[in-house]
Amino acid sequence: GAVVSQHPSWVICKSGTSVKIECRSLDFQATTMFWYRQFPKQSLMLMATSNEGSKATYEQGVEKDKFLINHASLTLSTLTVTSAHPEDSSFYICSAIPGSDSPLHFGNGTRLTVT
Amino acid sequence: KNQVEQSPQSLIILEGKNCTLQCNYTVSPFSNLRWYKQDTGRGPVSLTIMTFSENTKSNGRYTATLDADTKQSSLHITASQLSDSASYICVVRRAAGNKLTFGGGTRVLVKP
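First to last, the sequence lines map onto chains A and B. The opening position of the first sequence corresponds to residue 582 in this note's numbering, with each subsequent residue numbered one higher. The opening position of the second sequence corresponds to residue 260 in this note's numbering, with each subsequent residue numbered one higher.
Possibly wrong hints are sitting among the right ones.
In the PhoX-like style, the derived pairs of lysine-lysine whose C-alpha atoms are separated by at most 20 Å in a straight line are [as the list claims (entries may be wrong)]:
id, chain 1, residue 1, chain 2, residue 2
1, A, K601, A, K636
2, B, K358, A, K636
3, B, K260, B, K276
4, A, K622, B, K370
5, A, K622, B, K296
6, A, K595, A, K636
7, A, K601, A, K647
8, B, K260, B, K330
9, B, K330, B, K276
Chain B stretches covered by chain A per the calculated footprint, using a threshold of three residues with CB under 8 Å from any CB of chain A [claimed, not checked]:
id, region
10, 298-306
11, 346-356
Keep in mind that the hints were calculated from the coordinates and are not lab data. Quick reminder that beta carbons are idealized off the backbone N, C-alpha and C, glycines included.
With the rest of the complex left out, here is chain A:
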């Protein structure tokens, strides 16, 4: 079945540094990928839609300059949390859809802790 790989699974970084998270579709091409943020005991919150070859579409309230998204190929999207602060600590998950009638396939998430 369709597999989405997310890396790293967890990362600890110091305040002020930037962190890059990768999302890869391993056995299918994805023109669109999605990035989510999830706080403890809460549901997923869509941050942005990553479009291959064009700019990402951000949800209201999500800072574009804070969360940089690059979707340079049909199998890879990256999310960079720039100048991370402790309040950015969260669980970040990506997803992609193999086809229009397919379910979302999610990565296993990245636990970001900013100290």
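Please arrange chain B on chain A, whose structure you already have, making use of the hints.
Structure of chain B alone, referenced to chain A:
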């Protein structure tokens, strides 16, 4: 406003018992509704998809229902197992714009 509301927020059930989770939505125009299971610290996994014409669909011990008239869906777990402990998320796709709206999820804890 396109919204998806899930209830209860959480529930605890004994192993072997059944339970039913609810999902009410106002998303329009409706395309489909999916139930996902999310284990702690993992990405969600699709359980079922319900389209406008479908009323009931089963996936093992999981049975989803859809009433498109009242815009309600339910997920029934039969003979719960410890491995059913997870969050269950209802996601509705809007036909116009293909946008997805996530429910707040229901956290299920199955106790022995």
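For the pair supplied as a hint, K330(B) and K276(B), is the alpha-carbon distance within the 20 Å limit? With a Cα-Cα distance of about 27 Å, the restraint between K330(B) and K276(B) is violated, given a limit of 20 Å.
Straight-line Cα separation of K622(A) and K296(B) no greater than 20 Å? 14 Å, holds
Take the C-alpha atoms of K260(B) and K330(B), compute the straight-line distance between them, and say whether it is at most 20 Å. 14 Å, holds
Take the C-alpha atoms of K601(A) and K647(A), compute the straight-line distance between them, and say whether it is at most 20 Å. 12 Å, holds
Measure nothing beyond the straight line between the CA atoms of K595(A) and K636(A); if it is 20 Å or shorter, mark the hint as holding. 28 Å, violated
Taking 8 Å as the Cβ threshold, is the statement that the region 298-306 of chain B is covered by chain A upheld or broken by the three-residue rule? Held - the region 298-306 of chain B has 6 residues with a Cβ nearer than 8 Å to chain A, which meets the minimum of three.
Compare the distance between the alpha carbons of K622(A) and K370(B) with 20 Å, and conclude whether the hinted pair is satisfied. Given pair K622(A), K370(B) holds - Cα atoms ~18 Å apart, limit 20 Å.
Would the hint linking K601(A) and K636(A) be met if the CA-CA limit is 20 Å? 17 Å, holds
Check whether the Cα positions of K260(B) and K276(B) lie no farther apart than 20 Å. 36 Å, violated
Examine the region 346-356 of chain B for residues whose CB is less than 8 Å from any CB of chain A, and state whether their number is three or more. holds (count 3)
Given the hint that K358(B) pairs with K636(A), test it: the Cα-Cα distance must not exceed 20 Å. 17 Å, holds
Violation of the numbered hints given earlier is confined to hints 3, 6, 9; the remaining hints are satisfied by the structure.
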